[in-house]
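Engineer: In case you want the letters, here they are:
Number of protein chains: 2
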Amino acid sequence: MYVISISHKIATVEIRERFSFSKEEQEEFLRLVMDQGHYEECVILSTCNRCEVYFTPSPANAGFEAVQEMEKLLTEFKKTELSLLLKYFLVYNEEKAIQHLFSVTCGMDSMVIGEDEILGQVKDAYTRALNLKATKYMLNTLFQAAITCAKRIKTDTRLSKTPVSIGTLAANEVFRFGGDIKRVLIIGMTGKMGTIIMKNLYGKENIQITGTSRNHNSIEIINREYRNLRMIDFKERYEYIDEADIVISATTSPHYTITCKELSESIRTGKERLFLDLSVPLDIDREITKINGVNLHDIDFYQQISRQNFELKEQETIRAAQMIEEHLDNAKKEVIFHSFLPDLPDIGNAMEKIRPANLIYELKDRANSEELSVMLQLVRKLL
Amino acid sequence: MYVISISHKIATVEIRERFSFSKEEQEEFLRLVMDQGHYEECVILSTCNRCEVYFTPSPANAGFEAVQEMEKLLTEFKKTELSLLLKYFLVYNEEKAIQHLFSVTCGMDSMVIGEDEILGQVKDAYTRALNLKATKYMLNTLFQAAITCAKRIKTDTRLSKTPVSIGTLAANEVFRFGGDIKRVLIIGMTGKMGTIIMKNLYGKENIQITGTSRNHNSIEIINREYRNLRMIDFKERYEYIDEADIVISATTSPHYTITCKELSESIRTGKERLFLDLSVPLDIDREITKINGVNLHDIDFYQQISRQNFELKEQETIRAAQMIEEHLDNAKKEVIFHSFLPDLPDIGNAMEKIRPANLIYELKDRANSEELSVMLQLVRKLL
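Chain order of the listed sequences is A and B. Per our numbering, the first sequence runs over residues 1 to 383. Per our numbering, the second sequence runs over residues 1 to 383.
With the rest of the complex left out, here is chain A:
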């Protein structure tokens, strides 16, 4: 198996977009490759972080030519220059290619290590190729093994469930908050952290977002681009604060965005409220917790969780790497053994003619010292 890979490791988002394939394009490309007659199998994986073509050449087309031809097919299909591909791609073959497939499928090659969105994307890519009959023994064996391995990591480790970014941690807090419809007010929504949190929450079920900004241009743009999201001027924040279940403040302002006095004057309804202060210096007056029903988490709280999660994630990454090692080695074994199968009957016959006790001597005569050492180590395991 070969892999041609254009990924976030080398290529910027602009380059990656040049090699981005829609589902229809993927199918069209797979048909094109298979019709070529020079390839046995092909799977194409296209996500926002990578475009990868996994393929096995037909026996007559093995070697470097098969890679060159695939490069040509890719660039012609995407109407880009070959030089662009050659500058930003990586090629793997044999063991390295198998290793890469496992690494990608298990989220170890992702921007956020261990994320499991890629697993679904690999499954889709494989299924697409399978349905078009673009896979045979090799890619079936390896993709199925990689997917099984990734599923095990997903089930048996906490890798994909251990966020370390403050934005994700804060968003998770919102998801966990009780109530049917959750009204969220994000103060400083056009800032860096505000934008991350908005994107984590936007479009999720039962969440209504109101955002503030001091910039009228931004307010207009966001109101136009994001449906079902209300953008207000920073000055109007207290008018919308009573209805909010969760208030997140993430400005870079040197002043409080919420003071206890003004908040207590604005609150008219009695309910549980969560305030998240993700700013340094602090945005929210600590005193507000004296108000009935008001809970406050500040950035220190999330930083501590982030640190704990980071440690946990490190441990889980090691465990996942061990699982990959094991599954990967088994997959390699299958591939090695498969190539041996045609000879098996003859070798079985040859072995039947040798007394088992003599077999070791017969093999010894044919082995060099390294082979002998491995062989003896192995037969010892029969005990």
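Treat the hints as calculated values from the structure; they're not laboratory data. Hints are supplied without guarantee of correctness; some may be wrong.
Put simply, identical chains are the same to the list, so a pair is met inside one copy or across any two.
As the list claims (entries may be wrong) - No farther apart than 35 Å at their CA atoms in a straight line, the calculated lysine-lysine pairs in the DSBU-like style are these:
| id | residue 1 | residue 2 |
| --- | --- | --- |
| 1 | K364 | K381 |
| 2 | K154 | K290 |
| 3 | K87 | K123 |
| 4 | K133 | K364 |
| 5 | K9 | K96 |
| 6 | K353 | K381 |
| 7 | K154 | K381 |
| 8 | K364 | K123 |
| 9 | K136 | K333 |
| 10 | K364 | K154 |
| 11 | K353 | K96 |
| 12 | K23 | K290 |
| 13 | K136 | K161 |
| 14 | K204 | K271 |
| 15 | K136 | K364 |
| 16 | K364 | K151 |
| 17 | K381 | K96 |
| 18 | K182 | K204 |
| 19 | K192 | K72 |
| 20 | K96 | K333 |
| 21 | K353 | K364 |
| 22 | K9 | K87 |
| 23 | K96 | K364 |
| 24 | K136 | K381 |
| 25 | K192 | K271 |
Given chain A's structure and the hints, the job is docking chain B onto it.
Structural biologist: Positioned in the frame of chain A, the structure of chain B alone reads:
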């Protein structure tokens, strides 16, 4: 097996002399080591270029302590400081030690690559230890294998018979020259080349040497130290030239040491004579070949042979390295297999219970991908 080695690779001749063992000392040291009770086997090799102790510790004494104790025994025996040994020795173990033994025995670790004097020295060292019952399975197997390998290289390659030094080539020319007693006159015998040639010829059967020097001190010293060698003043050279069968001139003089005119005046006897001019600029007038019976070889002649021999020696070194590779690997195999022998009956029994055709599957289940790959490669050789 371990080796502690003090050799020309690191240690100067002064250091090597501190660790030089006479035959009696070697025997005494072997007895001392074996009486210690901490060693199974020991061979000591002492030549002017190296002092090496090959040993295997007793099972209870395996590991680094066995080396440390041997260092102590060595330095105490030779009444030198441990720090001196530690500064100038090399330690090898396992495969590296076996490799070193082969390399030494086959002359690949010698100052002049491929020389075979070391083979006799290794044989003697081994026989000495064998006679004192200081060798068992391991050193017997490895020394015998190394000696067999060196003998094969000696017989099957021209490595030890292909001199590349001008001094050796010139001396060989003298040995080949016809006649019962060969009288050699060396003009400039106390120079660098003159000394080498004298040492190559001195003490050899049927060779009488006369040497010249301009230095009266040197003449006196050599006349005192070398019996059966006549030292004369440079000015007297023509008085002794008639009796000489072979005249070698190797001075750094800017003038001819032998001119045609003076030579023809000095020669009274009719016989075949060989003149070797090993100097740059030339020492001997080219015209002398007009004199009846006079043959002349100059340094260009020998430099050409030296270059040819150097090329031949390079080829033969490659062939020898291949022979060593082969013998070395077989020796390693023997050692590996020997350690496996105690388990062989049980493993044989276990194998008897498995159908040969199933054996491959049973081994596959117990192998990792690398072991599987080696195993399949090996059983394929049964075809």
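Engineer: Hint by hint, note whether the structure agrees.
Structural biologist: Taking the hints in turn, this is what the structure says about them:
no., hint, result
1, K364 with K381, "both (17 Å within a copy, 11 Å between copies)"
2, K154 with K290, "neither (42 Å within a copy, 98 Å between copies)"
3, K87 with K123, "within (28 Å within a copy, 62 Å between copies)"
4, K133 with K364, "between (45 Å within a copy, 30 Å between copies)"
5, K9 with K96, "within (16 Å within a copy, 41 Å between copies)"
6, K353 with K381, "both (23 Å within a copy, 14 Å between copies)"
7, K154 with K381, "within (32 Å within a copy, 43 Å between copies)"
8, K364 with K123, "between (45 Å within a copy, 29 Å between copies)"
9, K136 with K333, "within (17 Å within a copy, 41 Å between copies)"
10, K364 with K154, "between (45 Å within a copy, 28 Å between copies)"
11, K353 with K96, "neither (39 Å within a copy, 39 Å between copies)"
12, K23 with K290, "neither (54 Å within a copy, 97 Å between copies)"
13, K136 with K161, "within (34 Å within a copy, 62 Å between copies)"
14, K204 with K271, "within (23 Å within a copy, 116 Å between copies)"
15, K136 with K364, "between (37 Å within a copy, 23 Å between copies)"
16, K364 with K151, "between (42 Å within a copy, 25 Å between copies)"
17, K381 with K96, "both (29 Å within a copy, 27 Å between copies)"
18, K182 with K204, "within (10 Å within a copy, 109 Å between copies)"
19, K192 with K72, "neither (41 Å within a copy, 69 Å between copies)"
20, K96 with K333, "both (14 Å within a copy, 32 Å between copies)"
21, K353 with K364, "both (17 Å within a copy, 21 Å between copies)"
22, K9 with K87, "within (12 Å within a copy, 48 Å between copies)"
23, K96 with K364, "both (31 Å within a copy, 22 Å between copies)"
24, K136 with K381, "both (34 Å within a copy, 29 Å between copies)"
25, K192 with K271, "within (30 Å within a copy, 107 Å between copies)"
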